[in-house]
Amino acid sequence: MGVGIQVENLNAWYGTNHTLQDINLHIPANHATALIGPSGCGKSTFVRCLNRMHETNPIGRATGTVKMGDLDIYKNASPVEIRRRVGMVFQRPNPFPTMSIYDNVVSGLKLNGFRNKRILDETVERSLKQAALWDEVKDDLKKKSGASLSGGQQQRMCIARALAVDPEVLLMDEPASALDPVSTSKIEDLIFQLKSQYTIVIVTHNMQQAARVAENTGFFLNGKMVEFDSTHKIFTNPRDKRTEDYITGRFG
Amino acid sequence: MSTQPSPMNFQSRTMRFNSLRRTAMNHLVSGLAILATVIVLAPLAAILFYLVYKGASSLNLAFFTQVPAPVGQPGGGMANSIIGSGVILLLASLMGIPVGISAGVYLAEFGRGKALGNAVRFTADVLNGVPSIVMGIAIYSLVVMPQKHFSALAGGIVLGIMMIPTVTRTTEEMLATVPHAVREAALGLGVPKWRTVLSVSLRTASPGIITGCMLAFARVAGETAPLLFTAFGNQFWSFKLNQPIAALPLQIFVYAISPYDEWHRLAWAGSLVLIVMIMVSVTLVRIYASRGVLKGGS
Chain A
1 MGVGIQVENL NAWYGTNHTL QDINLHIPAN HATALIGPSG CGKSTFVRCL
51 NRMHETNPIG RATGTVKMGD LDIYKNASPV EIRRRVGMVF QRPNPFPTMS
101 IYDNVVSGLK LNGFRNKRIL DETVERSLKQ AALWDEVKDD LKKKSGASLS
151 GGQQQRMCIA RALAVDPEVL LMDEPASALD PVSTSKIEDL IFQLKSQYTI
201 VIVTHNMQQA ARVAENTGFF LNGKMVEFDS THKIFTNPRD KRTEDYITGR
251 FG
Chain B
1 MSTQPSPMNF QSRTMRFNSL RRTAMNHLVS GLAILATVIV LAPLAAILFY
51 LVYKGASSLN LAFFTQVPAP VGQPGGGMAN SIIGSGVILL LASLMGIPVG
101 ISAGVYLAEF GRGKALGNAV RFTADVLNGV PSIVMGIAIY SLVVMPQKHF
151 SALAGGIVLG IMMIPTVTRT TEEMLATVPH AVREAALGLG VPKWRTVLSV
201 SLRTASPGII TGCMLAFARV AGETAPLLFT AFGNQFWSFK LNQPIAALPL
251 QIFVYAISPY DEWHRLAWAG SLVLIVMIMV SVTLVRIYAS RGVLKGGS
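These protein sequence lines map, in sequence, to chains A and B. Under our numbering, think of the first position of the first sequence as 1, with each following residue one higher. Under our numbering, think of the first position of the second sequence as 1, with each following residue one higher.
Calculated from the structure, these hints are not laboratory results. This one's a predicted model, so the numbers in the text were calculated from it and none came from an experiment. Where hints are given, some of them may not hold.
What the hints assert, rightly or not - Here are some, though not all, of the chain A residues that point toward chain B, as calculated from beta-carbon distances under 7 Å:
id: 1; residue: Val80
id: 2; residue: Arg83
id: 3; residue: Thr98
id: 4; residue: Pro181
id: 5; residue: Ser183
id: 6; residue: Lys186
id: 7; residue: Met207
id: 8; residue: Ala211
The C-beta atom is built at its ideal place from N, Cα and C for all residues, glycine as well.
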């Protein structure tokens with residue numbers, strides 16, 4: 001089951017560039033939350049702060065409190081442990097090029113030393129079914145390299161890979177932006193099904209996509225969160241003028 | 001009726017002219033590329049052909065089974081040199097490849113932009129440019145002198161050190177070609193950095209790294225100068241690592257500068273065997289490695 005995320009006074013920097021400024025927000029458990037905003041507004045940095053990937057950049061730095069359930073991820077936790085509980089799907093599909101489909105899906109388990117074949121087999125089947133890819137690849141799980149799949153299939157495989165470690169939160173950084181409309185709609189269907197079991201945070205440039213999949217939406221601009229509300233409210237009756245300007249296409 | 005060409009006509013004429021020029025240019029550049037390829041391949045083909053022409057006739061069973069015959073006696077072979085080269089190269093690879101790969105990993109994954117990283121990179125480049133005879137003298141005074149005699153071990157050490165810079169720099173360059181997204185995928189799954197480096201970065205870059213190791217191997221396999229002061233050479237069988245050992249390049253050198261025709265022929269045969277050994281070992285490693293990598297298993 002997913003957990004809720006409480007973000008308090010989150011600030012993030014790249015070098016001297018203050019990318020995120022005083023973000024406060026509650027992301028409810030087992031819902032999909034969309035983050036929208038123009039390029040460079042800090043949405044991606046924000047999700048990367050939620051699994052402490054931001055600090056893997058040598059010049060990345062973050063302060064503030066992020067509580068995942070009861071766990072303060074910036075205080076009493078190791079980044080590696082956090083990332084096992086928070087799955088991430090990136091903008092472009094990033095399969096491990098040397099691994100088969102099977103090994104890609106269970107890489108999170110295998111690379112952490114897990115070897116029980118029966119459980120690995122079960123995990124591969126479960127995650128690929130969750131990611132709606134099982135029927136397309138079940139016959140060549142170990143024969144084909146993960147990189148030999150189409151872009152849309154690769155991205156669903158990456159989702160399966162994230163789900164295989166049984167995370168509580170799934171972060172998706174523009175997961176469909178590199179995909180064609182058919183693959184995009186498959187990913188969206190997937191988000192719709194997965195949000196009953198996981199807390200999903202999805203960054204998107206596509207406002208229709210936010211409206212289709214997410215209960216709540218946050219609007220980011222220049223490193224600040226301008227507005228956070230139910231998706232319906234944001235798209236029909238935003239409080240802030242800047243939100244309205246953005247969603248009506250006046251800038252961005 | 002006007003005699004002036006219509007704009008349409010004029011345009012199609014220029015286009016035809018351009019297209020002719022483009023085609024001619026295309027043929028010219030392709031021709032130059034083919035010529036360059038031939039120039040590159042010609043020496044290799046010539047060397048191989050000449051070695052076979054000069055050396056093949058002296059190759060027989062004795063060459064591969066016997067030690068060199070004493071002066072004045074016919075026959076004899078280079079069996080001890082072939083095995084000796086194998087021993088020295090094995091020692092060199094066991095020392096040079098792990099150190100070289102580790103240093104390359106440090107440079108690519110941990111030492112980016114750090115003072116130590118830059119120092120290591122600079123040192124590797126300088127080491128690569130040190131003449132092999134200087135390497136031989138250095139190891140002579142550092143290993144052979146304290147030991148008080150020439151040894152297979154000293155030969156292995158000098159060739160191993162000579163392999164390090166090539167292996168280090170190719171490892172670094174090959175790791176740099178692994179997309180950042182692939183590393184992020186592993187880190188994002190909660191895989192620790194050391195494990196990401198070993199199981200993801202190195203594995204993705206392994207075909208290139210293996211090629212680098214093979215280049216380094218092939219380069220030192222034919223080295224003669226550094227072995228003169230270290231392995232020294234041996235006319236008899238020896239498998240002791242702390243004793244002088246025979247090596248193909250040394251034996252070729254001894255035979256080639258001798259005044260006997262018989263020995264000259266053996267030197268050609270030895271050169272042919274050396275080249276074939278290098279080509280075969282490089283090819284075998286490549287085949288084996290590409291199978292292992294493509295299999296995609298754990």
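**OP:** Of all the hints given earlier, name the ones this structure violates by number, lowest first.
**Re:** 4, 5, 6, 7 and 8
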